[in-house]
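S.K.: In order, the protein sequence lines correspond to chains A and X.
Just so you know, we're using numbering that gives the first Met the number 0 here: the first sequence kicks off at 0 and counts up by one.
Just so you know, we're using numbering that gives the first Met the number 0 here: the second sequence kicks off at 0 and counts up by one.
Please note that a few of the clues may not be correct.
[Stated by the list, open to error] Below, in silico cross-link-like pairs of lysine to aspartate or glutamate (DMTMM-like), each with a Cα-Cα straight-line distance of 20 Å or less: (1) X:K32 / A:D120; (2) X:K253 / A:D136; (3) A:K196 / A:E212; (4) X:K253 / X:D92; (5) X:K32 / X:D115.
Think of the hints as simulated: they come from the structure by calculation, not from any bench.
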Amino acid sequence: MIFRKLKRAETSGGIWGPIAVVVAGLVLLVGAPMVTGTFGLLQLTVFAALAIFALAQGFIWGFGGILCFGQSAFLGLGGYAYAVGALNMTDTTGAVALAIIVPMLFAALLGYFMFYGRISDAYIGVITLTVAIILFDLFNSTSGDIYHIGQAPLGGFNGIPSVPPLNIPGDPDAQLDTTGLWYAAMGALILCYIMLKWILATRFGRVVVAIRENETRAQLLGYDPRLFKLLTFVIGAGISGVAGCLYTNWGAFISPTVFSLTMSAQVIIYVLVGGLGTLVGPIFGAVGIQYLINLAGGQHVIDPNLLLGIVLVAFVLLVPQGVVPVIRNGFRRLMPVKSPGPALTPSVSQEVSQ
Amino acid sequence: MDLYGLVGFNILVGIGTIALITVGLGVIYGMMKIINLAHGEFMMLGAYATYVATAHGINIWIAMLIIAPVFVGLVGLVVERCLIRFLYGRMIDTMLATWGLSLGLIGLMTSIFGNDPRGVSTPVGSFSIGHYAASLYGVVIIVVAVLALVGLYAMLSMTRYGLIVRATMQNPNMAAALGVAPPTIYMATFALGAGLAGLAGGVLAPISGVSPVMGAAFIAKAFITVLGGGAAIVTGTSLASGLFGFIDTFVSFKSTPVIGEVALLLAAVVMIRILPQGITGRFLRRSL
Chain A
0 MIFRKLKRAE
10 TSGGIWGPIA
20 VVVAGLVLLV
30 GAPMVTGTFG
40 LLQLTVFAAL
50 AIFALAQGFI
60 WGFGGILCFG
70 QSAFLGLGGY
80 AYAVGALNMT
90 DTTGAVALAI
100 IVPMLFAALL
110 GYFMFYGRIS
120 DAYIGVITLT
130 VAIILFDLFN
140 STSGDIYHIG
150 QAPLGGFNGI
160 PSVPPLNIPG
170 DPDAQLDTTG
180 LWYAAMGALI
190 LCYIMLKWIL
200 ATRFGRVVVA
210 IRENETRAQL
220 LGYDPRLFKL
230 LTFVIGAGIS
240 GVAGCLYTNW
250 GAFISPTVFS
260 LTMSAQVIIY
270 VLVGGLGTLV
280 GPIFGAVGIQ
290 YLINLAGGQH
300 VIDPNLLLGI
310 VLVAFVLLVP
320 QGVVPVIRNG
330 FRRLMPVKSP
340 GPALTPSVSQ
350 EVSQ
Chain X
0 MDLYGLVGFN
10 ILVGIGTIAL
20 ITVGLGVIYG
30 MMKIINLAHG
40 EFMMLGAYAT
50 YVATAHGINI
60 WIAMLIIAPV
70 FVGLVGLVVE
80 RCLIRFLYGR
90 MIDTMLATWG
100 LSLGLIGLMT
110 SIFGNDPRGV
120 STPVGSFSIG
130 HYAASLYGVV
140 IIVVAVLALV
150 GLYAMLSMTR
160 YGLIVRATMQ
170 NPNMAAALGV
180 APPTIYMATF
190 ALGAGLAGLA
200 GGVLAPISGV
210 SPVMGAAFIA
220 KAFITVLGGG
230 AAIVTGTSLA
240 SGLFGFIDTF
250 VSFKSTPVIG
260 EVALLLAAVV
270 MIRILPQGIT
280 GRFLRRSL
């Protein structure tokens, strides 16, 4: 298992690392509009949205140990919920709330059947993957005038065009421009990072990590793994919904491709490449891989799917712990500073091989 | 009355289709506990093999029933040697690696053949059920599915290879102590599963069309059926195909194929709550 390689969970790390990440994020938030033009800012906005998506996957997979292969289901539901809400209401604040709540409700329902059925990790992966595929088919089949929610036509394969942009809460006329959307996206990324760091530092977060390490032992200590996993899954879905809302705003457009298998695969690759069991890893993974895909899209020698496939296979075989942990361990080896927490110890339990 | 006959026939075809697309996945999962996320792409390769062979003037029956499974079986052999064998015992990593393989195969075939769908003509016509015309090709699908399941059952229960495979499934270490080489068995099993996926792809090519992304249309049903069936390959696949094929075709007939798929998913999600180990995890446990 991949977790074997994790020497210690990030929860027990120092306070300075996360602060440095947040400061770097704030510098980027303020600095990016000064150094780059509209196009660059739009690129960075979609990177930030996908990084939030990656954070959600990194949280539920790397810390909760939940293998969700269909995270794009929640991204897509969030995006569609925002689009439908924004087209039906003048103020988009309610639409943003919908974009978070709808995926969470869906995740709660699906998660109940999965976690309370106590199915194995592999089954969870397959069921979530299937859910994403079927949502893709379902939204693809909604072309025609009879499929609409309020004022919003669902549009089948063509999706929903000209979705109204975000506005400042309470003021429907103050719509966000490119720069405003960048502040919203990057701000949301920083907030999600801080929130997840905080969750992981609480008692709840520690139990979640404990369950990942050894479900039976956590249960014997009196925690119900089913409930904790369900809550983790729901939190991840809510964050994916935020990402979906921003993603829709980025193009003022949403189509069923958000539910596609490629989207689900991409977020898995972000997390795997960046580093499982970290929060910065998925962010860097998202930006790096998305940059690569953009490069591949610009030329016509290598198909983007082929590139993604090669990256995924190569990382599973060669660097299963991801880039960030490798670099961090390299640093620790070079500079043996006094670590604030307990010394580097192997994880308490060896994962039981399946 | 004729309508009932037609619906009944379509339900049988639906069950046959699901059994056909599931059996290859079921062999690999049931014997090796590996979920092959590249299953849909193995089917896609089988369909392309059929397309290329018929385009070169080879008889379509030979192309879909022999060339497609043999070609994809060989691909499976190569994949097992180059990729899967490094990941035994790491189920999640295997799933990720086969997912990477799936993306890679889609990309590769898009690079070679382009995005546009190709067609393979249906080799047989139609017959009538009362006033209604039904495709004779449905009969072909049912026959191939039954032959695949019966053949698999016969091989597992009657041949020496089947005995060795079952022994390796139950206890690889003990089998190895008795002189069997489990890696060889795994390799052959993976190739067999891939070959069955190729067969399904070849047989379904005339009705689904051939394109690099065609696999995604099948894998949702195949995964659900494997999970619903449980560990026993032949019994599980047959029972789950029967159940899910019935639900899918019946609901599709009453509404649309997409709603049929949604009904299938709902049935499966409720079922994993009641029977987390699949049908054969609780009933008929000792079956094959």
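S.K.: All the hints need checking, so say for each whether the structure fits it.
M.R.: Hint by hint, here is what the structure shows:
| no. | hint | verdict |
| --- | --- | --- |
| 1 | X:K32 / A:D120 | holds, 12 Å |
| 2 | X:K253 / A:D136 | holds, 18 Å |
| 3 | A:K196 / A:E212 | holds, 18 Å |
| 4 | X:K253 / X:D92 | violated, 41 Å |
| 5 | X:K32 / X:D115 | violated, 35 Å |
The earlier numbered hints that this structure contradicts are 4, 5.
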